[in-house]
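Asker: These protein sequence lines are chains Z, X and V, in that order.
According to our numbering, the first sequence is numbered sequentially starting from 16.
According to our numbering, the second sequence is numbered sequentially starting from 24.
According to our numbering, the third sequence is numbered sequentially starting from 345.
Simulated from the structure, these hints should not be mistaken for lab results.
It should be emphasised that the depicted structure is a prediction, and the values quoted were computed from it without experimental measurement.
All C-beta atoms in this analysis are idealised placements derived from N, C-alpha and C, irrespective of residue type, glycine included.
Careful, some of the hints might be misleading.
Unchecked claim - Partial pick of chain X residues on the chain Z-facing surface, computed with a CB cut under 10 Å: (1) Met24; (2) Ser28; (3) His30; (4) Phe52; (5) Lys53; (6) Ile60; (7) Leu93; (8) Ala320; (9) Tyr323.
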Amino acid sequence: MEQKIKAKIIDAEGVQRTIVRLAHEVIERNRGVRDIVVIGLRTRGVAIGRRLVEKVKEIEKTSVPFGVLDVTLYRDDFRRRLKQPVVQVSDIPFDIDEKQVILVDDVLYTGRTLRAALDALMDLGRPASVQVVVLVDRGHREMPIRADYVGKNIPTSVGEEIQVRLKEEDGEDCVLLVEAPEEAL
Amino acid sequence: MTLQSRHLLGLEGVSREEITLILDTSESFKEILQRPIPKVPTLRGKTVVNLFFEPSTRTRISFELAEKRLTADTVNFTTSSSSVKKGETLKDTIRNIEAMNIDMVVVRHSAAGTPLFLTRCVDAAVINAGDGMHEHPTQALLDMLTIRERIGKIAGLKVALIGDIAHSRVAGSNIRGLLTMGAEVMLCGPKTLMPMFVERFGVHVTFHLEEALEWADCLNVLRIQLERQDKGLFPSIREYHKLYGITLERLEQAKRDVVILHPGPINRGVELDSDVADSDYSVILNQVTNGVAVRMAVLYLLSGGNPSIE
Amino acid sequence: MKPIDQLLIRNVEIMDLVGRQREKADVVICGDRIDKIGQVDFETFAGQIIDATDHLLLPGLIDMHVHLREPGREDEETIESGCAAAMAGGFTGVCPMPNTEPCCDNQEVVRFIKKHAETQLVDVLPIAAITKGRAGNEITEMVDLARSGAVAFSDDGSPVRNNAVMRRAMEYAGMVDMLIIDHCEDADLAAEGHMNEGEMSTRLGVAGIPNAAEEIQVARDISLARLTGCRVHIAHISARESVELVRRAKQEGVPISCEVTPHHLLFCEQDLVDYDTNLKMNPPLRSAQDIAALEDGLKDGTIDVIASDHAPHSVEEKDVEFAAAPFGVIGLETILGVVLHQIVDRQVLSMEEALYRLSIAPRRLLKLPVPQIHAGEPANFSLIKPKDTWIVDVKKTRSRSRNSPYDGMTLRGVVTAVVNKGLIWQPNF
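Given only the sequences and the hints, what does the whole structure look like? Please build it.
Answerer: Structure representation (structure tokens):
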């Protein structure tokens, strides 16, 4: 559905610059990339995560493992929806025990997706720590959850949504402020 | 994409897109089954009752595992005969069980149409785990998942079902599902075990195993109920094996990479020889693994969708 | 239901099904007889007056194949409730089959039924069993049964399997010119079947009963009728092959007749798609081809009679999984409506020919007196409004059972009165 665009908050170059900055912050705070694994949350956390891993490799000349997590089955809102969301494959081809897990998502909003992701991670193993990277934090938290690395804080009102567009998924890179669709209100 | 019906009574009328959704979802669940903790909290707080009016250890265990892997509460109601004879009707039984607040019913019954009958008695979602000679949809779905996994596709494949077609709900669902997915289907067995007018489904029919062997990419070898012989539907196990038993020697007539499925349990040496069942042609154990994933997918896809929230 | 003293039916169209004539007249009934037919001054008439403009007056309808369940299963139907359903359906006579508990294979049960029906408007004319206990082994005391009031013999529901027993039964019944009615079904071929064997049974995964199960026994009965000279009547014929056998046998002069039910004309196997147990009957609903053959059989006179095979079953018995449900549906109240709506409107038969098969033809087969609509004759007739339609509401049936496949259907032909034995019944609209 086409939603009305209110503003372009970040353009293509901005998206790329933000990811580079986030990569630097992750390396800096962890004093390198030892024991770091990156896990992207479906859907858009995957593309951002992959780019983050590339940047880290460019900077540190070291590959860090990358995995994909689908949290559909851990969501708390799935029984409240009319339609069953499509489950996709999680693909984490490494052990997360005692690792510094960097969870990547596009937008941090209520915190429920990250809550589900944390549960899913706990079923997969016992990481040394879990750190969260998001491209945008739009506020309105419903859970005691915060991001460790934020691309940009964009305060929004209830009638607004943040739309992250990525080349891999949508053919372009940008972050838009759009009007929330009717049924979401 | 979502399923059209709240129930899974059969593959009759289930679209290609829906079957594809179930198979795709099953693949996600296969991944979960390989995790150290092969369990997700998706159906936490939901209660599933497994209502088995016919003995079936395998299907029941497969469903029960699928339910437990999804963290549902499960209750088993197993009886060798329907309790109608004891004065309680099936309707009473199911209403009593539903009064204990159940969300889903998995039912196996010797009478065709019983799952449909149950949907008229209760609000819970109903999954058919085999009704009479009618359908056994999750078996056909797991067969198709196994074929797709091994060969990479279903459309355009030639699948032969071998054996007792007339009494087989596995055949009933496989015929419907495979045709919907664009495969060609051949039925092979003695005339006495071939249902009337089955060619009107759009399948090939042969009484000669050689024809099926030369034609097929996949052989789904059905279990022969040995008591059929007592009813005179075939003269002897010996002749059945001679005419329709799959042996390594026979397989020389088949395509080199033919895939062999069997819904289990196998009568070794009757419809299928041991060395075939345990050979590289066989995907029988994959079928068992896939059975749990497919049933998780079906349970998941039918569990949500609270109709009261529009 | 109340007694008639003086009754005037004004301006009614009298349908003479024997002479195939219609005339408009006033009819006066005194007690149990027709007193006068012609013009009557209604203003000075002292009794009950029915203005019957747009009504048809027919010789009382008779259903030669019903199950009244009494004695034995009074929870499903009684003679009284069955008669109430019969009256509502426009019938003044019914022939209950002997599959009661105890079975109607002895004079005591015949007398029991006659006695319980004494006060009814409807003539209840029992059919007795061919063999003791309907077990297919020893023939019943047919002559005594006939003398005590049985009008025919049948082991309906459990047909006589042994050909020699059937031969003896025919020979014996033939001595007193009694009709043998056979439910034709080869028990081995039909074993475990729950519906017609065909594409639909394969689709539904339900064991089938092939046409051949009926055909074989029809052929057997024709052979034995030819051998013994006994009059044989095939109950609820359903398969096209059977119709053809009867047609050829009739041409040859074999004393054979047959009946068809409205449900075999109206529904086919495809209608079972939802496993509706109210469409589970024996013989099973067949294919469209069979229906066409049944219609042809009606048209050319191969099929003599239309009968309901009214078979009440309790809700508890029918509201179960398909394979567990008993065969049969109720039909006394709906048969006339289905015949007018489906058989007459589809131009299979004219109204006269259709009603003949519900009134005159069965009585002739059973050697019963045919009601004449003439002055001085016993008043035995049905009054209907043939053009009016009504919607079947199974909750309002007079039967004790509810297993009707016609619920919610719109039928044509409303019964406004039945008269017999000096009694009149009119529905409360």
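Asker: Could you run down the list of hints and mark each one as holding or not?
Answerer: Each hint tested on the structure:
no. : hint   : in the structure
1   : Met24  : 6 Å, holds
2   : Ser28  : 13 Å, violated
3   : His30  : 14 Å, violated
4   : Phe52  : 7 Å, holds
5   : Lys53  : 8 Å, holds
6   : Ile60  : 4 Å, holds
7   : Leu93  : 8 Å, holds
8   : Ala320 : 8 Å, holds
9   : Tyr323 : 7 Å, holds
Hint compliance for this structure: hints 2 and 3 are broken, all remaining hints hold.
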